[in-house]
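**Student:** Below, each chain spelled out in residue letters.
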Amino acid sequence: MYWLLCKNTFRSLLAVMVIVGVVRGAEFVVVEEGFELSDAQFNQWVYGSNRAGIDADSEIAVAVQAVDRACQLTELQREKLLLAGRGDFARFGQRVDEMRAKYTDKMHDQNDIGRIHQEIQPLNVTYQAGLLGPSSLFDKVLRGMLAPEQLEKYNAEKETRNQARHDAKVRLFVASLERRCPLKDEQRSALVELLLAETRPPTRSSQFDHYVVLVQAARISDEKFKTILDAEQYRVFAKTLEQARAVEPHLKQQGVLP
Amino acid sequence: LVAPKAFEGQAIDGQVRRQLESLLKVELSFASRVADLNDGERRALVAASVEWLDKFVADFGKNMDPNQRLILQRGAQGHAVWGRQMGDNPRESIQRGVAQVVGATLPKDKVAAYRSECAKRDEFYRDVTIANLVERLDEKLILTAEQRGKITEALVENWDASLVPQVEVFMVRADALPGAVEMWIRPELSESQRRVLNRMNKLPQRVFFGNVEFGGEGEVIDDIDLNVQSPLAVDGPPK
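Residue numbers (our numbering), protein chains in the order written: chain G, 1 to 258; chain B, 1 to 239.
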């Protein structure tokens, strides 16, 4: 995603941050014949830190407890979910180990740093998205085993969380707009209210949640914004909305647009 | 990142100044709007603020972190460094500077209006930061409604803007949590949640951002002319 944004050639802070992160995160050992990627640097690329591994038991426990709170699981259901979660983490761990064995503590051509990073990057994306999300075995087992009334409660709880997250992202969108386009308090409140009324949470949470707000904001009629913003403010706002065109295809590809 | 010698000199200060002028324009536009300034008041405020900026830029340039300087020179919209203590956020410095100038330049009722709106703006940014902090926690820790409420309350009560990064961090660093606020979060969590929290990536320092937006060109509102002369220079002293 980050390189796609760069290819679209608008100067995304996201791209800057990745560049800084990659340069800072990859403290390569460069010797005459090439470079050696250490374990610590590999972990940085996969997990965003140089800590080895993840606490699978705790993450699974948190997820199962949350489902239990929402819809009161039976003991058998709880065990099934724990097993499914362990499967998801084990599968991810295997992918990580395979990649680790392939690239760490070995000499590589210096020109391959970018290619190797791109090959490892999907692991980071998967990790950041959460291992027990919609495409996991955990989720599949959960949806297959819950009784209809349990599923209803679970979905209602999820919807509440999604809406709270969306609320936070809408306000974040307005806050970031204000860095360039100052608003009076009444304008700020009106803009938040309009965006909350006219946009919906993403289909799933991701690091692109605020872009989902942007793309949906760009679909709202200009006239509605013009009742809140004066001409000069609207000019700056419209410029921001233009960026939606660049990111929308990628968000569609990611399947996050409602 | 270290600024190479080739970047030193007046050209650097010019580029830095242009970035800072953008921040100043936004703040002056805010002041003009919320205090409903007339033309004379606006010109007086702008002239005095530009004078303030001249002094600020001189000190800012001297004391700037070399990496911050390099990023600004290259026109990047944002700059974040992990593992190092950053200097003052220039936007906040400019807001404080304009607030001083407002107090010294405008009539009392306008100063009051400006300060009231500044307080509301600060509260909004506090609430946005806290809401997004809680959401970031919720992503990994799946909080109960009660936990969300208690953590939000604790963060509001113990709010210290210097311990959390600017809101822009929540746009660009999806996987990290500001570490300084953990003391208000940890007591509300279960044991499993605390263990997951231990593994979350932390942002120990604040970060510096310029005109961050969703990949735009850093364009800011353009209804303030920084080249305006003070009304005293144009109109002469009041009769």
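Among the clues, some could well be false.
Straight-line Cα separation of at most 20 Å, PhoX-like style, residue types lysine-lysine; simulated pairs [to be verified]: (1) B:120 with G:184; (2) G:239 with G:224; (3) G:184 with G:158; (4) G:226 with G:239; (5) G:158 with B:140; (6) B:150 with G:184; (7) B:150 with B:140; (8) G:153 with G:140; (9) B:108 with B:120; (10) G:184 with B:140.
Residues from chain B that face chain G, not an exhaustive set, calculated with beta carbons under 8 Å [said to hold, decoys possible]: (11) 29; (12) 142; (13) 146; (14) 171; (15) 182; (16) 184; (17) 223; (18) 226; (19) 227.
These are calculated hints, taken from the structure and not from any lab test. Computed from a predicted model, the values in this text were never measured in an experiment. Don't be surprised by glycine CBs; every beta carbon is placed ideally from N, CA and C.
**Student:** None of the hints should be skipped; say for each whether it holds.
**Tutor:** We went through each hint and held it up to the structure:
At most 20 Å may separate the alpha-carbon atoms for a hinted pair to count; residue 120 of chain B and residue 184 of chain G meet this at roughly 9 Å. Between residue 239 of chain G and residue 224 of chain G the CA atoms are separated by roughly 16 Å; this keeps the pair inside 20 Å, and the hint holds. Our distance criterion of 20 Å between C-alpha atoms is broken by residue 184 of chain G and residue 158 of chain G, whose separation comes to about 34 Å. Distance restraint check for residue 226 of chain G and residue 239 of chain G: the Cα-Cα separation of roughly 14 Å lies within the 20 Å cut-off, and the hinted pair is therefore satisfied.
The hinted pair formed by residue 158 of chain G and residue 140 of chain B meets the criterion: a straight-line CA distance of about 14 Å does not exceed 20 Å. For the given pair, residue 150 of chain B sits about 30 Å from residue 184 of chain G by alpha-carbon distance, which is inconsistent with the 20 Å threshold. Distance restraint check for residue 150 of chain B and residue 140 of chain B: the Cα-Cα separation of roughly 17 Å lies within the 20 Å cut-off, and the hinted pair is therefore satisfied. Distance hint between residue 153 of chain G and residue 140 of chain G is fulfilled; the C-alpha atoms sit about 17 Å from each other, no more than 20 Å.
Between residue 108 of chain B and residue 120 of chain B the alpha-carbon distance is near 18 Å, which keeps this suggested pair within the 20 Å criterion. As the CA atoms of residue 184 of chain G and residue 140 of chain B are separated by approximately 35 Å, the hinted pair breaks the 20 Å bound. Of the supplied interface hints, the one on residue 29 of chain B holds, with its beta-carbon coming within about 5 Å of a beta-carbon of chain G, less than 8 Å. A cut of 8 Å between beta carbons decides the hint on residue 142 of chain B: the least distance to chain G is about 4 Å, and the hint holds.
Of the supplied interface hints, the one on residue 146 of chain B is violated, with its beta-carbon coming no nearer than about 10 Å to a beta-carbon of chain G, more than 8 Å. Taking 8 Å as the C-beta contact cut-off toward chain G, the hint placing residue 171 of chain B at the interface holds, the least distance being around 5 Å. A least Cβ separation of about 15 Å between residue 182 of chain B and chain G goes past the 8 Å threshold, and the interface hint is therefore violated. At its closest, the beta carbon of residue 184 of chain B sits 17 Å from a beta carbon of chain G; the interface hint therefore is violated under the 8 Å criterion.
Taking 8 Å as the C-beta cut-off, the interface hint given for residue 223 of chain B holds, the closest approach to chain G being about 5 Å. Interface hint at residue 226 of chain B: violated, since its Cβ lies 15 Å from the closest Cβ of chain G, which is beyond the 8 Å cut-off. With a least beta-carbon distance of about 18 Å to chain G, the hint placing residue 227 of chain B at the interface is violated under the 8 Å criterion.
Hint compliance for this structure: hints 3, 6, 10, 13, 15, 16, 18, 19 are broken, all remaining hints hold.
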